[in-house]
Amino acid sequence: GIQVEQSPPDLILQEGANSTLRCNFSDSVNNLQWFHQNPWGQLINLFYIPSGTKQNGRLSATTVATERYSLLYISSSQTTDSGVYFCAVGKKTSYDKVIFGPGTSLSVIP
Amino acid sequence: DTEVTQTPKHLVMGMTNKKSLKCEQHMGHRAMYWYKQKAKKPPELMFVYSYEKLSINESVPSRFSPECPNSSLLNLHLHALQPEDSALYLCASSQEEYLLGYTFGSGTRLTVV
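Protein chains in written order, with the numbering used here: chain A, 9 to 118; chain B, 2 to 114.
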């Protein structure tokens, strides 16, 4: 099956700083989503981005499917950005289920 | 309506109890999922329903019994659980099976005593 790695595993930022989170995957995928899990456990959909670039406010994401990675950019971080960021990938086939990466734990301090 | 609603939010049950978790969505999604998540780990797939039929059972013990009464509802029946089953249980839905674009519910935090 597909292997998914996320880096860094942990990140501490001062409020206002920018950051880049990375998701690497071991095989070609046509199905990729970024989530934010807040401290209360809610998993929030950030981007469905199997390829290309998307932006939503202070967040943006880029997936380069041919090179097997995706990046999530957080600009001007706020304390509400704290939590765990997961990428999930899949191949849209019955033989490959969706795989979640191990996550990046982000703490934004005032 | 772009939400998945899960109830209850918290549940404490004894090892001999029977309880049910409920999940509801009204987005017209045809795939619904149960995930289990332990602290500091990613969600772990338990069951997938596609068009109201069980599509995937990830070798989950029989003390967990899923049910999909209709295209909007998903239940997880719990019986004779063990303390190690304590976890966050998440329901999700997507337009089709194997297609991301998941919407997750807020989860049920289950404690087995």
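Quick caveat, the hints were computed from the structure, so don't treat them as lab data. Please read these numbers as outputs of a predicted model, since none were measured by experiment. Fair warning: there could be bad hints in the mix.
Label pairs and their calculated CB-CB ranges [what the hints assert, rightly or not]:
1) Pro62(B) <-> Gly24(A): 43 to 51 Å
2) Gln86(A) <-> Ser66(B): 36 to 44 Å
3) Lys10(B) <-> Pro110(A): 19 to 27 Å
4) Pro70(B) <-> Glu23(A): 42 to 50 Å
5) Gln11(A) <-> Gly15(B): 38 to 46 Å
6) Glu45(B) <-> Arg66(A): 26 to 34 Å
7) Lys41(B) <-> Gly9(A): 29 to 37 Å
8) Thr61(A) <-> Gln96(B): 40 to 48 Å
9) Ser115(A) <-> Glu53(B): 36 to 44 Å
10) Val72(A) <-> Pro9(B): 14 to 22 Å
11) Ser66(B) <-> Gly24(A): 29 to 37 Å
Ideal placement from N, C-alpha and C gives every residue a C-beta, glycine not left out.
Tested hints:
Separated by about 47 Å at the C-beta atoms, Pro62(B) and Gly24(A) satisfy the suggested range of 43 to 51 Å. Taking the beta carbon of each, Gln86(A) and Ser66(B) are about 42 Å apart, inside 36 to 44 Å as hinted. Separation of Lys10(B) from Pro110(A) is about 26 Å and conforms to the stated range, judged on CB atoms against 19 to 27 Å. Restraint check, Pro70(B) to Glu23(A): a C-beta distance of roughly 46 Å satisfies the suggested window 42 to 50 Å.
Taken as a hint, the range 38 to 46 Å holds for the pair Gln11(A) and Gly15(B), whose Cβ atoms sit roughly 39 Å apart. Checked against the given bound of 26 to 34 Å, the beta carbons of Glu45(B) and Arg66(A), roughly 30 Å apart, stay inside it. Our hint of 29 to 37 Å for Lys41(B) and Gly9(A) is violated, since their Cβ atoms are close to 22 Å apart. Checked against the hint of 40 to 48 Å, the C-beta distance between Thr61(A) and Gln96(B) comes to roughly 23 Å, which is inconsistent with it.
Distance hint for Ser115(A) and Glu53(B): a CB-CB separation of about 41 Å, consistent with the stated range 36 to 44 Å. The beta-carbon spacing between Val72(A) and Pro9(B), approximately 42 Å, falls outside the hinted interval of 14 to 22 Å. With their beta carbons about 49 Å apart, Ser66(B) and Gly24(A) fall outside the hinted range of 29 to 37 Å.
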